[in-house]
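Sequences listed follow chains A and B, in order.
With our numbering as the guide, the letters of the first sequence map in order to residues 921 to 1121.
With our numbering as the guide, the letters of the second sequence map in order to residues 994 to 1217.
None of these hints come from the bench; they were simulated from the model.
It should be emphasised that the depicted structure is a prediction, and the values quoted were computed from it without experimental measurement.
Virtual Cβ for every residue (Gly too), placed ideally from N, Cα, C.
Partial list, computed: chain A residues near chain B (C-beta under 7 Å): (1) Pro930; (2) Thr1034; (3) Ser1035; (4) Leu1066; (5) Arg1067; (6) Val1071; (7) Ala1109; (8) Leu1110; (9) Glu1112; (10) Ala1113; (11) Ala1116; (12) Gly1118.
Now the stretches of chain B that chain A is said to cover, found in silico as 3 or more residues with beta-carbon under 8 Å: (13) 1077-1091; (14) 1114-1126.
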Amino acid sequence: MSGLTGAYVPGGSLLHRLPAGAKLAGLAVSCTALLLLRSPAALAGAAAAVVLLYAASGVGVAAAWAQVRPVRWFAVALFGVQLVFADLPTAASSTLRVVLAVALAGLVTLTTRTSALMACLERCLAPARFAGLDPFRLSLLLSLTLRSVPVIADLVTRVREAQRARGIERSPRAFAVPLVVGALRHADALGEALAARGLDD
Amino acid sequence: MIRLEDVHVRLGQREVLRGVTASLTERRVGVVGANGSGKSTLARLVNGLVLPSSGTVTVSGLDTRRHAARIRRGVGFVFTDPDAQIVMPTVAEDVAFSLRRKGLTREEVERRVREVLERYGLGEHADHPAHHLSGGQKQLLALCSVLVLEPEILVMDEPTTLLDLRHSRQVAALLRTLPQQVVVVTHDLPMLEDFDRVLVIDEGRIVADAEPAAAIGHYRKMMA
Chain A
921 MSGLTGAYVP
931 GGSLLHRLPA
941 GAKLAGLAVS
951 CTALLLLRSP
961 AALAGAAAAV
971 VLLYAASGVG
981 VAAAWAQVRP
991 VRWFAVALFG
1001 VQLVFADLPT
1011 AASSTLRVVL
1021 AVALAGLVTL
1031 TTRTSALMAC
1041 LERCLAPARF
1051 AGLDPFRLSL
1061 LLSLTLRSVP
1071 VIADLVTRVR
1081 EAQRARGIER
1091 SPRAFAVPLV
1101 VGALRHADAL
1111 GEALAARGLD
1121 D
Chain B
994 MIRLEDVHVR
1004 LGQREVLRGV
1014 TASLTERRVG
1024 VVGANGSGKS
1034 TLARLVNGLV
1044 LPSSGTVTVS
1054 GLDTRRHAAR
1064 IRRGVGFVFT
1074 DPDAQIVMPT
1084 VAEDVAFSLR
1094 RKGLTREEVE
1104 RRVREVLERY
1114 GLGEHADHPA
1124 HHLSGGQKQL
1134 LALCSVLVLE
1144 PEILVMDEPT
1154 TLLDLRHSRQ
1164 VAALLRTLPQ
1174 QVVVVTHDLP
1184 MLEDFDRVLV
1194 IDEGRIVADA
1204 EPAAAIGHYR
1214 KMMA
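Looking at chain B on its own, in the form it has when it is part of the complex (with noise of 0.2 Å):
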């Protein structure tokens, strides 16, 4: 359950967001919206990159503002270029990263590396390094670091903008199998298709929101 109360965020001059109210408890949310039209701080504020300028945004109940850390821990996060989420030389490691701080034996680590990597198929590439992988194959990697901890909610800015076709319908496929909530910011309209809800963002503020067909349609309309 994620919370926003008249949410306006400001970066250095620019007012990004500029009074954004809306509560999100379906399981699937699409938010659509031109370049520079705010979404992706939309997409920051779920998991306290972003804080607020004024306004609220709660994460099952917790204020950003205080609990942070806590949040992060239930909120998954992917972003657009994986280059930039992949930390660790090789594929294995990357995901094993994410488990450091949990308590775990090192055979229980490699055993949920390894389960997860083989769930996307990236299980032979488990040693290989990092830089070796395809755009997709290291968007799934990113994907992985994220779901080996099973979070309860997962964000993702643009996760197909620089896929293929085949790894973005893959993406696509993938999420609609997971059994979290996933809020996804995109320009891939077709993915939307089968959500259950879209917001349109225009300049700041929420211009639309309703299922997928109508919230879409606006979109196109705005964009012609």
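With the rest of the complex left out, here is chain A (with noise of 0.2 Å):
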């Protein structure tokens, strides 16, 4: 979950310093050139690229493989499937053009604040207004979700031990509706709270 949520690592180094922009439009521009790429060697060369890039930010190991982990499995299933259908040059490029797009997406994540991401958004969204749109409200729709992640995980625990203690956990309904019920009234709340704190002036 935290690999989604405030994974930004706090550091000096010249990708944290670069603006949200900047970073969001060089994520675009190397993932389409990820996907440019043919060769495995050129590949190759790419995640040598990424290595350096992660080396560069001093976000130390654990954060990085932190980005990667939760696509292990899918990669290994692609590169088996893509081997048996296809032949090794091609798996090992696809595979490893997946990996290398997550792993550059996560160290923007990892460099970059959310609030500096949010402005960023707010500044190009700004065109919305033209439709109705506030940018302000689409970019606090993104930092309220990014936040209500680890919130709403930790319904889920609480739910789960609560249908363990009485022993039902195999029942969905069990499951489904206190977690509905929670996360409604978390909303409930979240939406006060909002209100308390001056959203609506």
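Using the supplied hints, reconstruct the complex from the two chains, each of which is provided in its own coordinate frame.
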């Protein structure tokens, strides 16, 4: 879960200081480049470049692994399937493409504060104003989503514990009902807190 | 200065408050009462989160019905569950969120955020994800995000209910140092001992209103 939320690792590297917009644009360009690279040799070069970028960011090995870890089984499965239906070079390069794209995206989250991403998003969404949408609210939606992931994860743990305590861990209804009710209650409380913190002003 | 005049609040079929009249001028006001007695609703009336069904609530002379937004700028509110109150993923960002419409420069926002986090012992957690904090630290963060706006009045709805003894003592000690007028709804009776005034609510009415020893004594007898 922490791979998605608050993954930011404080630091002073060049990557940390780069504006969020530049990093997002760079991410888009390099992911496109990854798709265009055909030979495994070129992709190996790209892999080396990604490793160098990580080294330059100084976020550490543990943080880097936390970014790629969630896709590890997917990568293994992809490699296996490609190996059966295509050949070794194709399998290696398509797997490498996916892993590198995930690693690069992870590097952006590791070196950029959510608030900086939000501010950038708000600027990019400024034209949405003409369609009657408030860019601030859209970016707030994004950060509330990020914030709610660990809260709902906690709720899941609590519901599971309560189920086990009552010996009904096999009932899907005993899981879904309290989870949905809990999520709705949280939404109510959050709405109240946003109003108290002056969001309606 | 908070004034309630013959306030009734109906939520659906239930009459939660039935004719509450009080004017709160003391610096430290406590509110106690059984679960469901209407004390949380009373707290929410003060910043216009709940509006009276009849009667009026005024804060510094402003009616909460007409000036809710303006009143909320002067009244900070701390909820029981800090998880609902923390809206940003990391500690410093959540405090900075409070300052977003103050028209301050980025440096000034950072300075104020750092200062308030240092003062309440969260300085080293500035860049940590909010969900990595302990329950007590989360409540302190919620408090920091409110206090950074320097409100004139602070309303707290059971701020120590989810905290351990050490953290609830820390919050209680902190309350003593605040320059603001503070209204605290709580079950934590020792915290109220040095307050200026304590209200006891039962079934939507004020049944006792006195200095702490007398009011808490009445409440204990009532609950026996």
